[in-house]
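Protein chains in written order, with the working numbering: chain P, 1 to 540; chain B, 541 to 752; chain G, 753 to 1095.
These are calculated hints, taken from the structure and not from any lab test. Since the structure is predicted, the reported quantities are computational estimates derived from the model, not experimental observations. It is possible that some hints are incorrect.
Label pairs and their computed distance ranges (CB to CB) [unchecked claim]:
| id | chain 1 | residue 1 | chain 2 | residue 2 | range |
| --- | --- | --- | --- | --- | --- |
| 1 | G | V995 | B | V581 | 39 to 45 Å |
| 2 | P | H188 | B | I573 | 16 to 22 Å |
| 3 | G | V1048 | B | Y657 | 41 to 47 Å |
| 4 | B | V581 | P | H188 | 26 to 32 Å |
| 5 | B | H734 | G | L802 | 53 to 59 Å |
| 6 | G | P889 | P | V50 | 48 to 54 Å |
| 7 | G | A825 | P | V430 | 39 to 45 Å |
| 8 | B | Q712 | P | V430 | 57 to 63 Å |
| 9 | P | P498 | B | C738 | 35 to 41 Å |
Just so you know, even glycine gets a beta-carbon here, dropped at the ideal spot from N, CA and C.
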Amino acid sequence: MITEEIIAPRVPAPAPTYLNAGHTLRSWLCTLDHKRIGLLYLFTITFFFVIAAVAAALMRWELLTPQPDLVTPDFYNRMFTLHGVLMVWFFLIPSIPTVLGNFILPLMLGARDVAFPRLNLASWYIFVAGGLMALYAIVAGGVDTGWTFYTPYSSTYSNGYVMMMAAGVFVAGFSSIFTGLNFIVTIHQLRAPGLTWFRLPLFVWSLYATSLILVLATPVLAITLLLIGLERLCGVGVFDPKLGGDPLLFQHLFWFYSHPAVYIMILPGMGVVSETIACFSRKRVFGYHVVAIASLAIAALGFLVWGHHMFVSSQSVYAGVVFSLLSFLVSVPSAIKVFNWTATLHRGSISFDTPLLYALGFIGLFTIGGLTGVFLATLPVDVRMHDTYFVIAHFHYVMVGGMVMGYLGGIHYWWPKISGRLYHEWTARVSALIVFIGFNLTFFPQFILGYLGMPRRVHMYAPEFQTLNVLSSAGASILGIGYILPLVYLTWSFFHGPKVSSNPWDATGLEWQTDSPPPEHNFAQIPVVTAEPYNYPPLA
Amino acid sequence: MSRAPSLPSHFSTVEQRSVANHLGLWTFLATEILFFGGLFVCYTVYRIAYPAAFVAGSHHLNFWIGTINTGVLLTSSLFMALADRAVKRDRRTALRWCLLATWLLGAVFLGLKFYEYGEKYHEHLIPGPNFQLNGPWKPQIELFIFLYFTMTGLHAVHMIGGLTALAWLLWQNHRGRLSPEHPAPVEMVGLYWHFVDCVWVFLYPLLYLIIR
Amino acid sequence: MSAVLGFSLFPSSPMNASSFTPRVEALLLALLVASGLLIGVLLVLNLYFLIRYRRGSSAPRPPLRIATWKFEAGWICGTTIGFLGFFFWGARIYLDMERPPANAYDVDVIGRQWMWDIRHADGRREFDTLHVPADQPVRLRMISEDVIHSFAVPAFSLKQDVVPGKQVMAWFEATRPGTYHLYCDQFCGTAHAEMAGEVVVMKPEDYAAWQASGSVNNEEAGHGAKLFVRYGCSGCHTPGSPVRAPSLVGLYGRLVPVENGQFVRADEQYLRDSIVLPQQHVVAGYAPIMPDFRGVISETDLLDLIDYLKSLGAKQPPPANMPTAPAAAPPMVPPPPAPSSAP
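Chain P extracted, bound-state conformation (with noise of 0.2 Å):
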């Protein structure tokens, strides 16, 4: 028996860059590297997102007059089901782990790409397809029962291409759940020599921690999607009560996955936020063990408090009790690395960079989102709010406010190595103050809304409501032109920038060690590490 011990091979330096080992459709659309496969997702989510966005300009618009004037209100209720599932399943869950993940991780680890490149690429054809249909379901009529596709709405009662949506949304849960299986062993097991667990990066625990989630949770949304789909088609009374069914059963399903989905969302964030502070405060994160171990407690406490979206659909109050003090809990975790981040630019050396500026924003705004959050989880101001426009600031604050915040801040501070050039750094800092602005202006007088009772989901408010209704739509207005800087300035500087060396922010991590733009197998040589993470030389 021959023993086969096959040691990596030695790859010839300098090796082409992974954007010139090949111009043909076809090297990028059977791709097995990790950085291209980040970069098909990332044109993939940026189409999504602006679908969505035009779906919620057109609401905006549609909500500068109390009386519904613009737009059928079956048209409108579609719209805000579209902008609902495209931003949560195809633009949120996806982008910080597809994008930034598929790309950095392998980097960071000093690996020379994810455990399984073949099920990398076939996560991303999996999710066009869900997308496909998707769309499909869009143009074919749309869908009007919200993102949440409550029975017996959804199961019995809407007109609308439910089952043609939900098999979209169950399609891309299966890219969601192998990109998390990928993640998982790749960080157990190609990490580079020398690389500990308490030596990995901060972006990589938020990334295993959110990996965790995307296996565990999204089989449960699948299932749920699968069942409301059969009894459309077979007329059994599932979710029924008129057939003996529950309507709440699938509330309990379909939280079980959509709240550990809201820490899908925000953990890669987080681990974007850590990565940013530590580089432009030269500093290390302070409580490097205690952030880590939170976005375990984040994962872990996720999963216990689903019901605190349902205080008022008629479950056990008993229930209600303890979902409410779970949910309080979990958000202990994220206050701490709130403080360890402000901690953290103490005594350091602060450079007011761009993903800084969004980094910075990001802890501004997920406080707020995230202090409304526990608002939320107190019970009796839950019955006030629930159901309201003081619900939606709460989340678009966390997860606009935060997590897109933190997605483009990630895709700045990793632009450099992604396109081996720079962007204009004074447009890029003027966008992200056109953002933090407009985003105020659109989601802060929502809470005062919410406060006064104007329900969600409605095209047509009681006329005490559109002072507030037309600042929000005017700031929505700043946030769209926000967004689309990035979109204009980024691409320009793909092509047009000035190039960077390996590592243009002076930055601690593997991911810098190699060049700007990577080569296709990354390093040259396996790196070995000895030192910790964020060894900034000491600054006095």
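Got chain P; can you put chains B and G on it based on the hints?
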């Protein structure tokens, strides 16, 4: 002479790839547990709500086919375990026969299952327009039968996937690519097959054995 | 515009209108203050660090030589204790929201696409408007005819999802006369945004006048009797019927012996369940052959039928010469077959 495929460049040792494959498959099985778990939750909720309907519904199932199928599937798992043993001892003939036996028993299981489904069709017990039943608890019995079809149907889909994987294994063995140095494909498919068997071990009493 | 800025904590605010609102508003104010303080501290600290430690500044930056775990433990404990305080405060109010006082005045509400169908205990019916007296607890018994709706009155801090298939309860005590918005807060279809109405709170004397002036829908009592025939109830539940079924005369409020030797009180829930899920409690000594009417009878009709059954006291037997073969009788079902022989 057995030939193991060359190691992809992102793995540095065979050992590393083997551990990665195992971890990947166990993670995948965890997702499957959650997937079936949603259906088990659904079943539990409605069984507690309508115990009489579930008893009545269970009596409409073909106990004998369910029991024989359980035996068939457990035996197929036995052969799968023997196949794993054979590949590690480099016994290609034994490996071929064990894989074939597993595949055949799996096919027998599916054949009996589809026969059962056909029976339900003739008894007018397919949930939906075909469903006809007199007596109390009709909608709830229809719900039970629906859960029966969904749970066993999903299980059958996984069986078909397993049969495909086994066929692929037989072909790999034919090409001489399985060896004690490269037992991973047999191990992986084996793990998956045993898992699918485990799911059935839960489905069988929950569906067929309610108060007998 | 004062509504935009006014906190309902202040008695003069137009939104301080129920017994719960001040309690909820106080909690909300406390949350706001605590959050404001926290955000303030974080903002000040962040700004201070950002300015003092900007790159190139001359601030000293010796390496940190403190035990970071003390900070961590400190703010973990502080946050947890603070949060738990709010949890307990909120849970107490919430549990009170679930416990209506005994002297509550009952109102039945049916939500349906896209209107609120409200009926008072005296039979008076309203649509999209609810008149109530001030300083009187009102208990709403609500159910949906179709999809999930949500009965929401922000001024009362009141909200309860109204689901099909199960009656739910919410209660409030309005404290100030006036007219308040009523919304449907759970998306329920095309005209969800239009499913709004108002709650009119009146001084007790004005309410009494309103009650007296309006017409109680006397047709309701007769309507229930007609439904009793239309749905085929009289086919079995009258003396002289060929099918043996329990008598319903004087049923309401009585103790009923059921099949497993126990007794059940025939309250409104029992009457409702006996119609939509009769197999639940079969009366002792009778075969379980009553068909269930779930999905067959609408919630509105169900309420009328229950009202009629409640009126069937010993002094008021059902009309003896009601036809026993109604136009659309549900099929008579034979007793269920004996369980198939076990192997």
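Against the structure, the hints come out as follows:
{"no.": "1", "hint": "G/V995 <-> B/V581: 39 to 45 Å", "result": "holds (40 Å)"}
{"no.": "2", "hint": "P/H188 <-> B/I573: 16 to 22 Å", "result": "holds (19 Å)"}
{"no.": "3", "hint": "G/V1048 <-> B/Y657: 41 to 47 Å", "result": "violated (31 Å)"}
{"no.": "4", "hint": "B/V581 <-> P/H188: 26 to 32 Å", "result": "holds (29 Å)"}
{"no.": "5", "hint": "B/H734 <-> G/L802: 53 to 59 Å", "result": "holds (57 Å)"}
{"no.": "6", "hint": "G/P889 <-> P/V50: 48 to 54 Å", "result": "holds (53 Å)"}
{"no.": "7", "hint": "G/A825 <-> P/V430: 39 to 45 Å", "result": "holds (42 Å)"}
{"no.": "8", "hint": "B/Q712 <-> P/V430: 57 to 63 Å", "result": "holds (59 Å)"}
{"no.": "9", "hint": "P/P498 <-> B/C738: 35 to 41 Å", "result": "violated (59 Å)"}
In summary, the numbered hints that this structure violates are 3 and 9.
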